[in-house]
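> Here are the chains, one letter per residue:
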Amino acid sequence: MKEQDAPGPERQEAPMDPSLWRGLSQPRLSRRQVLASAGTGAGAMGLAAFLAACGVKGNAAPSGSSPAGGVGTEAWWAKQQLHHTVNFANWPYYLDVLNGKHPSLQHFEQTSGIQVNYTEPINDNVSFYAKIRPSLAAQQYTGFDIIVMTNNTPNALGYLLQNHWLIPLDQSMMKNFYKNAGPLVKNPAWDRGNKYTMAWQSGYTTVAYNSSVIKNAGNSVDILFDKKYAGKIGMMSDVYELGSIGMLALGIDPATSTESDWAKAAKKLQQQKSDGIVRAYYDQSYIGHFKNGDTVVTQAWSGDIFQANLNSKYADLKMMVPGQGMMFWTDNMCIPLYAQNPKDAMTVMDYYYDPQAQAVVEYYNDYVCPVPAAKEVLLNPTGWAQQALKDLKPEIGLPTSVTANAPTVFPTEEYLKQARNYRTYKNAEEVKAWNDLFLPITQGA
Amino acid sequence: MLAPYLLTLPAGLWLLVLFLIPLVVMLSLSLQTCNPATGACVMTWHWGEFGQQLSLYHTQFVTSIYFAGAATLIDLVVSFPIAYWIAFYGGRRKNFFLLMLLVPFFVSFVIRTVVWQFILSDQGIILGGLKNIGLLPQNFHILATGWAVIAGLAYNYLPFTALPLYVAIERIDKRVLDAAYDLYATKREAFLRVILPLTIPGMFAAFLLTFIPALGDYVNQQILGGTGDTMIGTVIQNSFLVSLDYAGGSALSTVLMAVALIGIFAYARILGSRTIEEYL
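From first to last, the protein sequence lines stand for chains B and R.
If you're matching positions, the first sequence starts at 1 in the working numbering and goes up one per residue.
If you're matching positions, the second sequence starts at 1 in the working numbering and goes up one per residue.
The hints are simulated quantities; they were obtained by calculation from the structure and are not laboratory data.
The structure presented is a predicted model; accordingly, all values stated were derived computationally and were not measured.
Beta carbons: idealized from backbone N, C-alpha and C, even for Gly.
Among the clues, some could well be false.
As the list claims (entries may be wrong) - Sample of chain R residues with no beta-carbon within 12 Å of chain B, all distances over it, derived:
{"id": "1", "residue": "L9"}
{"id": "2", "residue": "G90"}
{"id": "3", "residue": "L224"}
{"id": "4", "residue": "L241"}
{"id": "5", "residue": "L261"}
{"id": "6", "residue": "G263"}
To be verified - A few chain B residues that don't get close to chain R, going by computed Cβ distances all over 10 Å:
{"id": "7", "residue": "N87"}
{"id": "8", "residue": "S112"}
{"id": "9", "residue": "G113"}
{"id": "10", "residue": "N216"}
{"id": "11", "residue": "N311"}
Stated by the list, open to error - Covered stretches of chain B (in silico footprint by chain R; criterion: 3 or more residues with CB under 8 Å from a CB of chain R, positions within the stretch not fixed):
{"id": "12", "stretch": "119-128"}
{"id": "13", "stretch": "153-167"}
{"id": "14", "stretch": "269-283"}
{"id": "15", "stretch": "329-340"}
{"id": "16", "stretch": "433-443"}
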């Protein structure tokens, strides 16, 4: 603004311009208008420079197959020391609680001498990723040594893997894991060789129906497209769940699907919507609507139906094991790059592959257990878990055998066979292509 | 000499840090190209983003304007008698009645909306009963329709309409009514030709205070709505939290703000800017 208005020395000495005289007798811009337009011009220029300067300076993801500087190599791990402290970030209600303490963690702290700062800041994969992303881009510690991310969310765990923003695990410290991990979480499709992740808990996304309304539901996801139940069918607003079940309905395995398969599934789901079959696309609130009777068939998470069935009022809500398969998701423990206490993190992660620790966790949260041997502990408690399970019992109010015998906690042969993996996306473009197909269904007209 | 400036400092800082800077960052982001994986953004002056987003989501804009407009009209009709009654007949208990109007809003926004889910559910306390006595067909439902969204918006933003209306009505000099009666006005005429014109600026302030937040609302539709009635707020939320598309989300927010600003300026043109300042 100054440069524009500053009068040059020659202008100061110049005689009065005749145009000024002319101006005095003719309509002209008011002083205010002149100031306003000058201000707008200069302001716009300043704003432009400022807008341009607002770019977020992120670091390009390192290329190659692992983080720079040899992080996560055997030599690097050999240099790491225990710091006797670790910062563990998890989802809420995911770890056994008794009187405000976590019995399985307490046992770990007593036996290992490592203090665990357990927090529950993760409510959603993508928004949590968006929170830690600036730290990682700036090559800084996120404040967490262990985070738990779901494999079905490509724009969280997927990006962490693609950007090499996770520390490769020390395979030599995974003794319990290799001894006890179940077949569904060992060497999984989304992380071959468990190079970066170890499962925390898993679950199925499938179809549930109200058996008081639907007598012969059969065992096909086609029931979600049945016009008989139009307006009473709930679908998930999560685009990865929605797209995946669309593909199961077409007999396509989501894990190996191609972009043209996605388009076919999107078309089928769009048709389902325009036929008025779908009542709404729900987030976690789907279970409330299902219990209320607003929906009679719904996409559902196995854990929710298990929990609902514990109340006799909702015993009619049944989970289906469709012939086309059920989506199997896993929440994975992983160590974000620049973590300060990686060795302590490895110690905690491997501890949870101890059947006794896992039995205590499972009795509390009833998800799919990554450790099949925990079933035996729940049936015949031994060791320290015996006391911990006994202490938890008044809180849970159920015999431990209920958890042990639930196929949604310890999958049967059939459940193992019907588990289907989500698509593992190669890059951000694939994620965008998927979102551009399925988001218009949930949020379009 | 400096004192007046110093006194405006807190407000000025508040405006700068919490409004102007975020606003400029938003404008800036909408012109950048971002990598969703790393979050790295570069300024590309991509003005096409606005047109692109608008062509993708104009339906949701229209839905938002329609829902917010309908909710605001309902609020004006419902809260006018309330505000009128409190201002004219509230007597010494005026503050108590105003407090009563606000009490439900001490409960969190989301919880209030979720409660409506239970009240309006298909087999719930209202619809379930009416269906059982045969007054409604079994497949009738309110939830998962645009009506439920409009009702939710109207309910949630009611105080933003009622309070400015109350202020406008309250400040009417009651003697103008006496003057009207002295000039042989009937009650109806006095209301239509004296009271109503005097409250118009308040009504417009109420309209803006209700319409603008309702326009960007993303809670009511998600909790009460069904398919095909998505409002622009949800689309913006998804751009940020599902697609990590900050540029697209910022561009949509910018367009939404432009729509709201055009509304304000159109209003200022029609009624003069003085009245906005008086009633906001």
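> Run every hint past the structure and note whether it holds.
Here is how each hint holds up against the structure:
1. L9: Given a closest Cβ separation of 22 Å, the condition holds.
2. G90: holds (40 Å)
3. L224: violated (9 Å)
4. L241: It is violated; L241/R is separated from chain B by about 5 Å at its closest Cβ, not greater than 12 Å.
5. L261: Nearest chain B Cβ is 16 Å from L261/R, so the label holds.
6. G263: The claim stands: G263/R keeps its Cβ more than 12 Å from every Cβ of chain B (closest is about 22 Å).
7. N87: holds (22 Å)
8. S112: holds (35 Å)
9. G113: It holds; G113/B is separated from chain R by about 37 Å at its closest Cβ, greater than 10 Å.
10. N216: About 21 Å separates N216/B from the closest Cβ of chain R, which puts it past 10 Å; holds.
11. N311: holds (17 Å)
12. 119-128: n = 3 at 8 Å, threshold three: holds.
13. 153-167: Held - the stretch 153-167 of chain B has 4 residues with a Cβ nearer than 8 Å to chain R, which meets the minimum of three.
14. 269-283: holds (count 6)
15. 329-340: With 0 residues in contact (Cβ-Cβ under 8 Å with chain R), the coverage given for the stretch 329-340 of chain B is violated.
16. 433-443: Since three or more residues must qualify, the claim that chain R covers the stretch 433-443 of chain B holds, with 4 doing so at under 8 Å.
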